[in-house]
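Novice: One letter stands for each residue in the lines below.
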Amino acid sequence: MKCPNCSINHRRKRLGIRCSCGYPFSFTPDSDALTDNQMHNLIKQASANNTRYFTQESLYGLYLKISRQSGVTPAIFLLGVILSIIIGNVFEILFLFFIALVLGIIFIKKLAKSSKPVSYNVFSSMLNTWQKTYLKSNYLIAEPSLNKPPPMNEEEDIFEYGVEKIIIVDKDLTVDMLVKNNEHANAKALIISTNGYPNYLIQPLKKILAEQPEIQLILLHAVNEDKHSMLSQFKIKTGVNFNEEKVIDAAITPTQISNIKPLRYLKSHEQYATVDMLPYAALTGIVALGAADLLHSDVFASVHIINDDFG
Amino acid sequence: MDALFGAISQHQHNPLATLAAQLTHRCGSDIIKQSQGGVYIGYGAAHKQAWQRKHHSGMATIAGNMITIAGFFTGIHSLNLSPKMVLRNYLEQGESYLDQLTGAFVLAISQRDKGILMRDGAGQRSLYYTLLASGLYFATEPKALHQLPDFDCQLDNKSLEQYLCFSFVPGKYTMLKDLYTLPPGYRLHWQRQSESLIIDTERFYFFENLEKQQQSEQHWKNDFSQTFADCVTERLPQDQPVGIFLSGGLDSSIVTAEVARQHQHPIHTYSLHFGKAYRHELEFAEMVAKRYNTVHHEVLFKPKKMLRRLREIIWQLDEPSGDPITASNYELAAHAKQDVNWIFNGEGGDPCFGGPKNYSMLLQHWYGGIERGPYFREHAYLQSFKRAYDEIDALFTPEFRQSFNLEEDLFHVVRPYFQCQQPQGFLDKLMAMKKHRGSNLYIYYFMLYPYFYDASFTNRI
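Sequence lines, in order, name chains A and B.
Residues 1 to 311, numbered by our numbering, are exactly what the first sequence covers, in order.
Residues 1 to 461, numbered by our numbering, are exactly what the second sequence covers, in order.
Keep in mind the hints are simulated off the structure, nothing from the lab.
Hints should not be assumed to be uniformly reliable.
[What the hints assert, rightly or not] Pairs of lysine-lysine, BS3-like flavour, derived with a Cα cap of 25 Å:
#1 B:LYS114 <-> B:LYS172
#2 A:LYS116 <-> A:LYS44
#3 A:LYS188 <-> B:LYS386
#4 A:LYS207 <-> A:LYS148
#5 B:LYS357 <-> A:LYS180
#6 A:LYS136 <-> A:LYS44
#7 A:LYS180 <-> B:LYS386
#8 A:LYS246 <-> A:LYS227
#9 B:LYS337 <-> B:LYS304
#10 B:LYS357 <-> A:LYS207
#11 A:LYS180 <-> A:LYS237
#12 A:LYS188 <-> B:LYS304
#13 A:LYS206 <-> B:LYS357
#14 A:LYS206 <-> A:LYS148
#15 A:LYS44 <-> B:LYS386
[To be verified] Listed next, with one range per pair, are the computed distances between beta-carbon atoms:
#16 A:PRO149 <-> B:HIS77: 47 to 53 Å
#17 B:ARG203 <-> A:ALA210: 40 to 46 Å
#18 A:SER20 <-> B:PRO398: 34 to 40 Å
#19 A:LYS235 <-> B:ASP339: 55 to 61 Å
#20 B:GLN262 <-> A:ASP226: 23 to 29 Å
Ideal Cβ placement from N, Cα and C applies to all residues, glycine included.
Please put together the full structure from these sequences, using the hints given.
Specialist: Here it is as structure tokens:
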């Protein structure tokens, strides 16, 4: 077990071990799907080396993607076993049979590790455990934190203009993730959830809609949400009634997950896949797209074109 | 563009030949020189400067007082100005007369033991200076000053940090130690006192103090149309074809429309692209070209070709410019030179009209619950530049990084714009910063066009 704090490798693999640097291990390779070091690396990647906020869903999406990729290594070992047996048999080289035996053992171990990824609930429980350690990530968004309105500004023209589109997302946490990472500013968008969160932006939203009736309206949501019910909920919470035809529906569907190769890592979770489970660059690429691009192309089909990368 | 250069020498040493040698790409060897009591001034007119305002620039003397002007003045009242008239008015009315001059110019006035260097309010022309033991030296391009025997070319670490974060070096500083630029709307006063030379700089142009007028939308439409048309009139050459860098966007398309309305001679339009497989706006440029019946050229930018010219581009720029379009604009200029001597473009639109980059700064203020440090706005502004601000710690070794002070070198440059009483509105504050940025960045576009007489004009609007 590799210590995520000081990188020392430990031979003993049991729960309760404490590294010489003082780090207490939370997981064991035999009973948990991830080691401490793997969780540490996963979070490091999701947070772009502690520079980017992420949600539990985005971390789980990354885990699913990496789990899918890790199936490649056992396949290489399997190939090695088969080749060693064939060549050893043809040329009667005993040594190659021995290599085949070693590779076979490694293959079985790797295969065991790369078995079906753990469920979201198991992963969530592991993350909770991790967040109790002193290596916990401050970039994990656990609850909405944008409730409080911004401080008053001396200038009165802060809301004079500023957005080119309105993006409505299905979860408050997605608003937090995008806004805390400054994606609203990059995309020149007012981002609000179907709950009307954050509610101090409802008035500015109404003003924008009155002044720019043709502004782009984009709905970004998970597989298990639908446009009609989201807009109904938005109306109840905010009093804003959108013409459904004018709202562009940017959603993930199970068909897309099945048909689009870069999205197949979500297959095991396809009924519950959320937008923050997409690779971050792909999600922000979609957020940055204009309505015209969203209308004229299959958004998620172009995910891999935008950037097939979590970085 | 024409060239102005000179020195206030402490040792009666005439440096004009050294300075002029680096400016021949602007004006050839056709240089006028004047000297008097240790003051040496040179002026070189641009090649074939045949247009209606060429008489604004040059040299004049009245009773031992000297004036040299490079560039031109704008505005209806300035049409008949000449260096002699400017000098006479200055001698009669004092320095406040100079405040009224508008246009794209730099000037030098000397009177016995004192004198003035001045740069226009929008910073359309540039003026660099250095104060050495042997005297004060100045030139429209710093490459002339680099050649002085006692000038020591040394990188300024603070400027490097600023350049990487802003994409230009703000204020009076440059990438080299002891080399300064006179900021837009500033005058430099020099005076000899016994054995020493004393200089100080003073800002005379405060665009932010212009009173806001409450007028109807129609009034502003008419006002803009008239001002815009005047700008084009003032810059059109007589009896010559002109070129326009036409991207197909709003700014350059409007310029094309106005030039086409006024100019009776052939108009060439040039659109750059990086290969048709890459995103481009060629179809829009073509539509504009067709509508205004221009001779349209689509110019393919090839990095291989640019690499061969890289040294030349750097030499022309003097100071690095962080705008990625710089090199490709140079290629476009080289191509256009085959057809025309005059180029128009849409540069300067954002500093005049806002542009899309204000959105980000406004939106930073919309959400609560976000941690706001004491430099929230400064931090947001630098982030919105999308240059190296976020990576500055990773770019340098810790030892080199220690020579920087983030607060002093970056935040305090931006802070006065946010904390000023005038202008009051946040958008106007952002616009004031854009003007500062524009005058620093766009000047390099002009520097890049050694072949052309004038490059841009929208800064005046």
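Novice: Confirm or reject each hint.
Specialist: Hint by hint, here is what the structure shows:
Using a Cα cut-off of 25 Å, the hinted pair LYS114 of chain B and LYS172 of chain B holds, with the two alpha carbons roughly 21 Å apart. Pair hint LYS116 of chain A plus LYS44 of chain A holds up; C-alpha atoms about 23 Å apart against a cutoff of 25 Å. Taken as a hint, the LYS188 of chain A and LYS386 of chain B pair is honoured in the structure, with Cα atoms around 15 Å apart against an allowance of 25 Å. Restraint check for LYS207 of chain A and LYS148 of chain A: satisfied, since their Cα atoms lie roughly 20 Å apart, inside the 25 Å limit.
For a cut-off of 25 Å, the pair hint linking LYS357 of chain B to LYS180 of chain A stands: about 19 Å separates their Cα positions. Only pairs whose Cα atoms come within 25 Å are accepted, and LYS136 of chain A paired with LYS44 of chain A is accepted, the gap being roughly 11 Å. With a C-alpha separation of about 17 Å, the suggested pair LYS180 of chain A and LYS386 of chain B falls inside the 25 Å cut-off, and the hint holds. For the hint pairing LYS246 of chain A with LYS227 of chain A, the CA-to-CA distance comes to about 12 Å; that is within 25 Å, so the pair holds.
For a cut-off of 25 Å, the pair hint linking LYS337 of chain B to LYS304 of chain B stands: about 20 Å separates their Cα positions. Pair hint LYS357 of chain B plus LYS207 of chain A holds up; C-alpha atoms about 21 Å apart against a cutoff of 25 Å. Note on LYS180 of chain A and LYS237 of chain A: the hinted pairing holds, with a Cα-Cα distance of about 23 Å set against a maximum of 25 Å. About 36 Å separates the Cα atoms of LYS188 of chain A and LYS304 of chain B, which puts this hinted pair outside 25 Å; it is violated.
Distance check on the hinted pair: LYS206 of chain A and LYS357 of chain B sit about 23 Å apart at the alpha-carbon level, within 25 Å; holds. Pair hint LYS206 of chain A plus LYS148 of chain A holds up; C-alpha atoms about 19 Å apart against a cutoff of 25 Å. Annotation: proposed proximity of LYS44 of chain A to LYS386 of chain B holds, straight-line Cα distance about 23 Å (limit 25 Å). With their beta carbons about 51 Å apart, PRO149 of chain A and HIS77 of chain B fall inside the hinted range of 47 to 53 Å.
For the pair ARG203 of chain B and ALA210 of chain A, the supplied restraint of 40 to 46 Å holds, since their beta-carbon distance comes to about 42 Å. The given range of 34 to 40 Å is broken by SER20 of chain A and PRO398 of chain B, whose C-beta atoms sit roughly 28 Å from each other. At about 60 Å, the beta-carbon gap between LYS235 of chain A and ASP339 of chain B stays in the expected band of 55 to 61 Å. GLN262 of chain B and ASP226 of chain A have their C-beta atoms about 57 Å apart, which leaves the hinted 23 to 29 Å range violated.
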